[in-house]
Amino acid sequence: MVVLVVLWALAAPWSAGWAKNIAAGQAARPVTLGSKRQQVTSINVALLTQARPERFRPYFDDPVTDAGSAGAQLAMADNNTTGQFTRQAFTLTEVRVDAGADVRPAFQRLMSEGLRLILVDLPADALRQLATVAGFDTVLIFDIGSRDDELRGKDCAANVMHTLPTRAMLADALGQYLLAKRWTKWLLVPGSHQGDQAFAAAVRRSARRFGAKIVAEKVWEYSFDERRTPESTVPVFTQGEEYDVLVVADEEGAFGDLLAYRTWLPRPVVGTQGLVPTAWHPTHEAWGALQLQSRFRERSGRWMGELDYGAWLAVRAIGEAATRTHSSDFTVLRDYLLSEQFTLAGFKGVPLSFRRWDRQLRQPVLLAQPRSLVAVAPVDGIIHPKNELDTLGYDESESACQAAR
Amino acid sequence: MAGRFAVAETVYITLEKDNALAVVDGETGKLVTTAKVGKRPRGIVLSRDGKQLYVAASDDDAILVIDATSLRKVGTLPSGDDPETFAMDPDGKFLYVSNEDDNLVTVIDLVKRSKIKSIPVGVEPEGIAVSPDGRWVASTSETTNMVHWIDRAKLEVVDNTLVDPRPRAAAFTADSRQLWVTSEIAGALSVLDVESRQPVKRISFSIPGVTSEKIQPVGIRIDPQRRYGYVALGPANRVAVIDAQKLEVVTYLLVGQRVWNLEFSPDFKRLYTTNGASNDVSLINLEDHRVTRSIAVGNFPWGVVVRP
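Quick note, the sequences are listed as chains A and B, same order.
In this text, residue positions in the first sequence follow the working numbering: the first is 491, and each later residue adds one.
In this text, residue positions in the second sequence follow the working numbering: the first is 2, and each later residue adds one.
What the hints contain is simulated information worked out from the structure, not anything from laboratory work.
Glycine included, every Cβ here is placed at the ideal spot set by N, Cα and C.
Please note: incorrect hints may appear among the correct ones.
Stated by the list, open to error - Cross-link-like lysine-lysine pairs, in silico, PhoX-like; alpha carbons within 25 Å at most:
| hint | chain 1 | residue 1 | chain 2 | residue 2 |
| --- | --- | --- | --- | --- |
| 1 | A | 671 | B | 155 |
| 2 | A | 876 | B | 215 |
| 3 | B | 155 | B | 40 |
What the hints assert, rightly or not - Selected chain B positions facing chain A (Cβ under 8 Å, derived; list incomplete):
| hint | residue |
| --- | --- |
| 4 | 125 |
| 5 | 143 |
| 6 | 145 |
| 7 | 189 |
| 8 | 192 |
| 9 | 194 |
| 10 | 195 |
| 11 | 289 |
Claimed, not checked - Cβ-to-Cβ under 7 Å is the rule here; a few derived chain B residues that face chain A:
| hint | residue |
| --- | --- |
| 12 | 28 |
| 13 | 61 |
| 14 | 123 |
| 15 | 124 |
| 16 | 144 |
| 17 | 161 |
| 18 | 167 |
| 19 | 211 |
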């Protein structure tokens, strides 16, 4: 196993230039401090990730090697800009573990270095394994990458916060929109991978919640050979069903893009391809989002992705807690993050906060096609007695999580 | 071109998506003309002598100087990147510009048309206001969630006040004793005491039949006697009328969609609102707090100034 450790500590903004200015080749500039000249305290954050086999990527998609990391680094820069006024300095330690390796030694090493605020982007099983490490419950973990509902349900942990929407939240966002359109007869087409099946289960749950009917379910078998083409296969595959919309569950992107415009009946494709529910999207510009998009693109040379957004949210949540509590103390920060007072501005027009029953960040979900934002869920007309954001995913009474209560 | 329109009260509105300036006759409530300016015009300020308009052309990275009569561009100011909002000194000599993408407030000398200084502030500076007594420049930063107090004599940040998430506009009362700040995400208005620079009151807005996330307070105007303050509530399509002594909401006035910014008529008898989503300006009669007219002006009206 190779563990690569990169210490990426931002230069303290009162002693040198900010990262952005260094990158732009500008001279460092002095920064005026607030009137309170107390000691600078540091808040140290870690990001633990694991390499994974690359999912199917068409040649026209550029490879992304810093997904998540780039979002965390932007949020660090944001936190340090604010930190100059609160005399708080934020540092980020990044660790990447090889695909398939045990992540626990790297996790232990971070803990032994005193890091207690740890962002993770790990496969669900690796994340479950962390709970077996001694001292696990003395740190606060931010899961920035998983969509797994079970990690927030029966496998939840009191000290694991989740920043991206779950499959159930994504499927509910889609379900709400389809209900608003009165497109209530769905043809469900899942792939056979584990993630596809999990998303299909979330779609079935959403159909029940919003009164849609899954008129048929057909598993895609990836059975192309040289003699069969999408042009010939997809019409036959979708023939014989009466439905309003085809819901595809293909998390790997292996076949979902082949379906649109080839179905027997002229029907839209939604789900993991076509109209997609997503935490973040390049077409999202409202509520100041364009500013975050621009700042990210200027630093990273690409558009912000969901994983970057998940990491940005986690680091900003820590920064927000540090600013509001005027503290760098782990216990103070953790208690504030878990409290009802905590809210985060995430460029989605409403305050985001952690559900106390499962530590999931409640948030609106975008519904986008590649070049246009179609809607934002919760959609108008969907109501909830406490918070409309809780119409997405597992509400308190439905949650199987016991550990966080 | 001088004297192309001669009306008692001229209203200038920036049209963010038309790259243009709309001119409305305040007396008749009629659109007089529309003139192309720079790309994505947003913030707008009138010079103290009423002869020139300063318009932030955000996508041109400049503040344009425009003759208020001919509507011709007569110069540009070095505003820094992506200028959005800015404020002018009481004596009309300096402009203070929020540079959202660079976390800076840029100070511009209007006579020399040159940049004096860039002052580092928090992430995404947005609202900016100069106190009428000339002592303070207040800058709000949307992601840092602070009011940065810039000492106008030193041009340095000397204090910071933490406020509700995503602070937008800031406005001083005429006596320079209070600073009002709107928060988009909290859906609230904070009133700060300038002497202590601490909040003294937080006013929340609640409108029957309007969900709380639609209430996104933005632009603020407070009358000189501090009888009433007015707050634009964005997609709630309302202007809140606030008793500026008791600091309580008196009523909500239904205006156009996504109301962004506000401006008084010179006699303080009327209030103009820019409604970004319905592409119009609403006219509010302040004697009885009634919305009397809506004026179609063009795509995405953003900023507004009124020339006597």
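Hint-by-hint comparison with the structure:
Among the hinted pairs, residue 671/A with residue 155/B is inconsistent with the structure: their alpha-carbon atoms are about 58 Å apart, more than 25 Å. As the CA atoms of residue 876/A and residue 215/B are separated by approximately 16 Å, the hinted pair is consistent with the 25 Å bound. Our distance criterion of 25 Å between C-alpha atoms is broken by residue 155/B and residue 40/B, whose separation comes to about 33 Å. For the restraint placing residue 125/B at the interface with chain A, the shortest Cβ-Cβ distance is roughly 6 Å, inside the 8 Å limit, so the hint holds.
Below 8 Å, beta-carbon pairs count as interface contacts, and residue 143/B has one with chain A at about 6 Å; its hint therefore holds. The criterion of a C-beta within 8 Å of any C-beta in chain A is met by residue 145/B, whose closest approach is roughly 4 Å, and the hint holds. For residue 189/B, the interface hint is violated, since its Cβ never comes within 8 Å of a Cβ in chain A; the closest pair sits about 11 Å apart. At about 20 Å, the closest approach between the beta carbon of residue 192/B and any beta carbon in chain A exceeds 8 Å, and the interface hint on this residue is violated.
Interface restraint check: residue 194/B against chain A, minimum CB-CB distance 16 Å, threshold 8 Å, status violated. A hinted interface residue such as residue 195/B counts as satisfied when its beta carbon comes closer than 8 Å to some beta carbon of chain A; here the least separation is about 15 Å, so the hint is violated. Here the hint on residue 289/B is broken, as its CB sits about 33 Å from the closest CB of chain A, past 8 Å. Checking residue 28/B against chain A by beta carbon gives a least distance of about 36 Å; that is not within 7 Å, so the hint is violated.
For residue 61/B, the suggested interface contact is broken, since its CB lies about 15 Å from the closest CB of chain A, more than 7 Å. Contact between residue 123/B and chain A, as hinted, is supported at the beta carbon level, the nearest pair being about 6 Å apart and thus within 7 Å. Interface restraint check: residue 124/B against chain A, minimum CB-CB distance 5 Å, threshold 7 Å, status holds. Hint on residue 144/B holds. Least Cβ distance to chain A is approximately 6 Å, under the 7 Å limit.
Because the smallest distance between the Cβ of residue 161/B and any Cβ of chain A comes to about 4 Å, under 7 Å, the interface hint for this residue holds. Taken as an interface hint, residue 167/B checks out: its beta carbon lies about 5 Å from the nearest beta carbon of chain A, inside 7 Å. Residue-level restraint check for residue 211/B is violated (minimum Cβ-Cβ distance to chain A is 12 Å; threshold 7 Å).
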